[in-house]
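A.B. asks: Spelled out, the chains give:
Number of protein chains: 2
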Amino acid sequence: MPTMQVQVISSVNEASSARFHHKTAVIIDVLRATSTIVTALAAGASCIIPAETVMEARALQRPGDLLGGERFCRKIVGFDLGNSPEEYTERSVAGKRIILTTTNGTRAIHKSMRADHVLTASLLNAGACARAAVELRRDVVILCAGSHDEFAIEDGLCAGLVLDRLQAHCPVSVEMDDFGAAMLALYRNQSDAVKETILNGMTGKKLLKLGMKKDIEACSAIDIYQDVPRLNGDQLTRNG
Amino acid sequence: MPTMQVQVISSVNEASSARFHHKTAVIIDVLRATSTIVTALAAGASCIIPAETVMEARALQRPGDLLGGERFCRKIVGFDLGNSPEEYTERSVAGKRIILTTTNGTRAIHKSMRADHVLTASLLNAGACARAAVELRRDVVILCAGSHDEFAIEDGLCAGLVLDRLQAHCPVSVEMDDFGAAMLALYRNQSDAVKETILNGMTGKKLLKLGMKKDIEACSAIDIYQDVPRLNGDQLTRNG
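Protein chains in written order, with the working numbering: chain A, 1260 to 1499; chain B, 1260 to 1499.
The shape of chain A in the complex, shown without the other chains (with noise of 0.2 Å):
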């Protein structure tokens, strides 16, 4: 491979399956699902299971399963947790599958299937993924979820940091398209401003409103976990 080629994909309506043949597809929702699958990974769950809706997460759960996720922001009525980092402790999640069902992020994860590998990745575990994505020496296309269908820069952000950790371990050229290179822009420009540009974005004032200012700030931290969730059949694991 002579170069890495690495194409961004601003929002889950402009992803089209064929876009990810032969890739290495990169998952971003920072805000929240990506962050909350790496955080109950790293407290011990044993999987990730996503699903597109509510039924179909409530039809996959097994005895001892969690179900987890939200609808508008909130705990879905009947589930076991919420989309919080934060209730993904290791005394709630350890040892167990949890089932997890949210508005973008687990859309996108359905819509990269057709990717050699998929690998979730949100700012608390950008490096590692990043590292990951060179190991499997395929193309990289960075898929960052969005919100109804737009744009959230927060995903952005963490496309772009995933792109600078992308050139500092890759050993061969990375190169991106012009979406890429914005993003890793903008994630210069604002590094040292991570949660306040998260918090001024559009999913940053609405969890703001929503009272769950604890969220962002546990999304925010860069690079503290070395967990690469990754999918195998239709379950995330742990570094695979």
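Certain hints may be false.
Copies of one chain are not kept apart here, so a pair can be met inside one copy or by any two copies together.
[Claimed, not checked] Subject to a maximum C-alpha distance of 20 Å in a straight line, what follows is the list of computed SDA-like cross-link-like pairs (lysine to any residue):
no.: 1; residue 1: K1355; residue 2: C1332
no.: 2; residue 1: K1468; residue 2: Q1485
no.: 3; residue 1: K1473; residue 2: V1431
no.: 4; residue 1: K1454; residue 2: D1436
no.: 5; residue 1: K1334; residue 2: E1315
no.: 6; residue 1: K1464; residue 2: Q1266
no.: 7; residue 1: K1465; residue 2: E1455
Calculated from the structure, these hints are not laboratory results.
Once you've looked at the hints, dock chain B against the given chain A.
C.D. replies: Coordinates of chain B only, in the frame set by chain A:
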């Protein structure tokens, strides 16, 4: 108007007519339509008439009018002028009507026709466009034309520059969507390397390969014109 709301659209195929209702539209196609348009008007062309197709351009031509434009970056057979700003000199265009058809830029102008006001911006006249938009006292939609339905970094950079100038000139607070905030950060990160950023972009590389480096240089200068091309009926004229 307690705040000015600004939305930024990443490429023509993201633009639905409904988004322009009651707004001022600012159309950007740095390489090269909107750079050429302001250059032609500054050189004394009486107006620019954007046409979507070559056939439409020919049908609109009256005696004395010039036909300008490109397909696949090159001058159209039988046309008087291509899409290089440098062809639009006082000597060639003063006093003339120009019918212009380009791949992305003129399509973008047609998409925005439901707006209350339509301005075209480039790096060459971004500051003047921002001041004009402030005076028009409407919320703003900035449409980055892009290239082949993809985001183009030079258009994003120019959107960021327009936002930077809006913030400087607007007496009320400028609120932007997440994509706008990202473009502003892109511009601020790359403001010392505008030409290099454009040369590394997809369209920049294509024009370079075609031997059109001079065009990129002509389109990279910042705020050298005070002219604001503005749509009146089907004609773009200088300062409305």
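A.B. asks: Against each hint, give a clear statement of whether it holds in the structure.
C.D. replies: Hints, one by one, checked against the model:
no.	hint	result
1	K1355 <-> C1332	neither (23 Å within a copy, 57 Å between copies)
2	K1468 <-> Q1485	neither (31 Å within a copy, 42 Å between copies)
3	K1473 <-> V1431	neither (39 Å within a copy, 31 Å between copies)
4	K1454 <-> D1436	between (26 Å within a copy, 17 Å between copies)
5	K1334 <-> E1315	within (16 Å within a copy, 55 Å between copies)
6	K1464 <-> Q1266	between (28 Å within a copy, 17 Å between copies)
7	K1465 <-> E1455	within (14 Å within a copy, 37 Å between copies)
Of the numbered hints stated above, those contradicted by the structure are hints 1, 2 and 3, listed in ascending order.
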